[in-house]
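*Asks:* For this one, chain R is given, so just place chain U on it according to the hints.
Protein chains: 2
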Amino acid sequence: MNPATQELKPVYQEMAEEVKLYGYVEVSPFVTRVKIALNLKGINYEFIQEDLDNKSPDLLKYNPVYKKVPVLLHNGNPISESLVIIEYIDEVWKGVPIMPNDAYEKAQARFWSTFIADKCHPALFKAIGSHGEEQAVAEAHELLQFLENELNVKGTKFFGGDNINLVDICAGYIAHWVVAAEEALGIEVVTKDKFPKIAEWCGNYINCQVVKDCLPPRERVVAYYKGRFGKA
Amino acid sequence: MNPATQELKPVYQEMAEEVKLYGYVEVSPFVTRVKIALNLKGINYEFIQEDLDNKSPDLLKYNPVYKKVPVLLHNGNPISESLVIIEYIDEVWKGVPIMPNDAYEKAQARFWSTFIADKCHPALFKAIGSHGEEQAVAEAHELLQFLENELNVKGTKFFGGDNINLVDICAGYIAHWVVAAEEALGIEVVTKDKFPKIAEWCGNYINCQVVKDCLPPRERVVAYYKGRFGKA
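Sequence order for the protein chains is R and U.
Residue numbers are given in the numbering used here: position 125 of the first sequence equals residue 125, and the series is strictly consecutive.
Residue numbers are given in the numbering used here: position 61 of the second sequence equals residue 61, and the series is strictly consecutive.
Check before you lean on any hint, since a few could be wrong.
[Unchecked claim] To be clear about the criterion: a stretch of chain U counts as covered by chain R if any three or more of its residues have a C-beta under 8 Å from a C-beta of chain R, and this derived list gives those stretches:
hint	region
1	70 to 80
2	84 to 96
3	114 to 125
[What the hints assert, rightly or not] Calculated pairs, BS3-like style, for lysine-lysine (alpha carbon to alpha carbon, straight line, at most 25 Å):
hint	chain 1	residue 1	chain 2	residue 2
4	U	K119	R	K119
5	R	K68	R	K20
6	U	K194	R	K61
7	U	K106	R	K20
8	R	K119	U	K68
9	U	K197	R	K67
10	R	K154	U	K61
11	R	K197	U	K67
12	U	K192	U	K154
13	U	K106	R	K67
14	U	K126	U	K192
15	U	K20	U	K68
16	R	K61	U	K119
17	U	K157	U	K94
18	U	K67	R	K154
19	R	K67	U	K126
20	U	K126	R	K119
21	R	K194	U	K67
22	U	K20	U	K41
23	R	K20	R	K41
24	U	K106	U	K197
25	R	K126	R	K67
26	U	K61	R	K197
27	U	K67	R	K106
28	U	K94	R	K106
29	R	K212	R	K192
30	U	K106	R	K61
31	U	K119	U	K106
32	U	K20	U	K61
33	R	K67	U	K194
34	R	K68	R	K119
35	R	K67	U	K154
36	R	K55	U	K119
37	R	K106	U	K106
Simulated from the structure, these hints should not be mistaken for lab results.
Every residue, glycine too, gets a C-beta built ideally from N, C-alpha and C.
Isolated chain R (complex conformation) (with noise of 0.2 Å):
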């Protein structure tokens, strides 16, 4: 990271401030996102449990378009949708980077993981959801390849390079959420043999500390999926 650069970045973490993370059950992707972020930068907050049928007023007051978390309440300013609060979080906090320093670079990151969140998730869960049908299973597989072949063509651990970035947290979903919802029903949909890059990337970004400190027990996804797509 450019010397300078840090230097511009204010050093809130040496102020009294108030740092408030809203999520609701652990298996939340999008909290646990922010949660990654937080860890990455030794930030220390307070979890505000919601819940979802119930949800707070201070979640309405801070949420009111969407009304989900997680919702990032920062000194009083509330900041929503996980993307948003990530690249927030990298430009207030300093320590460790999570967008690249690189204007073209930061550009290729967010395209990259607006993809995954917007493309990719919708269509992964409509794969597992119809317990993998053959024309979801496909779409699914046609935008995976765009990942197998981004993963292949840079040749590095994580989509960061040597360390997880902004493109890792946002993939992060499919290394453990989809992985447990295949297991939950017993089927394959980022099927190993088409997609190994991504197979070696999951168990990277699953196996590195600091998004391990945040992920929710893996049998609670896998028994939260066996709930919601009705198979035991």
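*Replies:* Structure of chain U alone, referenced to chain R:
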């Protein structure tokens, strides 16, 4: 803008450089977003007209994921997705800032521009495409109310304050395209009496010189929507 931040930005415009914008038929609000950003920065560029029915090998190579315009090519590096391109332009070129400098305001700009692009845009064109069907209009109004409130709370000429920023550029399709589609169909979706602040903002936006330079002629957009939505 913080002078120290400015110094960190590479002075690319002093180098001989390649800037190409791949776009198509001048009615695209997405391509226009990028044109406005480039115009704000005073960047010279080559505009490459794409034929949507016969996409060029360059477009397919530079944006293999979406195969869509706009694509910005900067010194050989392709960037896709209008919001990603605009942030890139703002980071690479000095001059009039497009993003706020403050981290919280930046997060808010990202939040609103994504909301306007991902939520309001499809809802508005669904309402228009249905020729003003009640339920579709009600859904669009629910979203527009958030923008109306935001403008009310800010009390400024633009979402960006005294000057346009990412959010204004992103919302520009409402001021020019939605209004033209309303004219084409003889309906009103963004009702002026219900959304006076948005109506005022629309006027402010299209009268901003840097925007005006880049907008396709109103009558061409009207003609396009007459054709698209099948009503004379």
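*Asks:* Hint by hint, work out which the structure violates, then give me just those numbers in ascending order.
*Replies:* none
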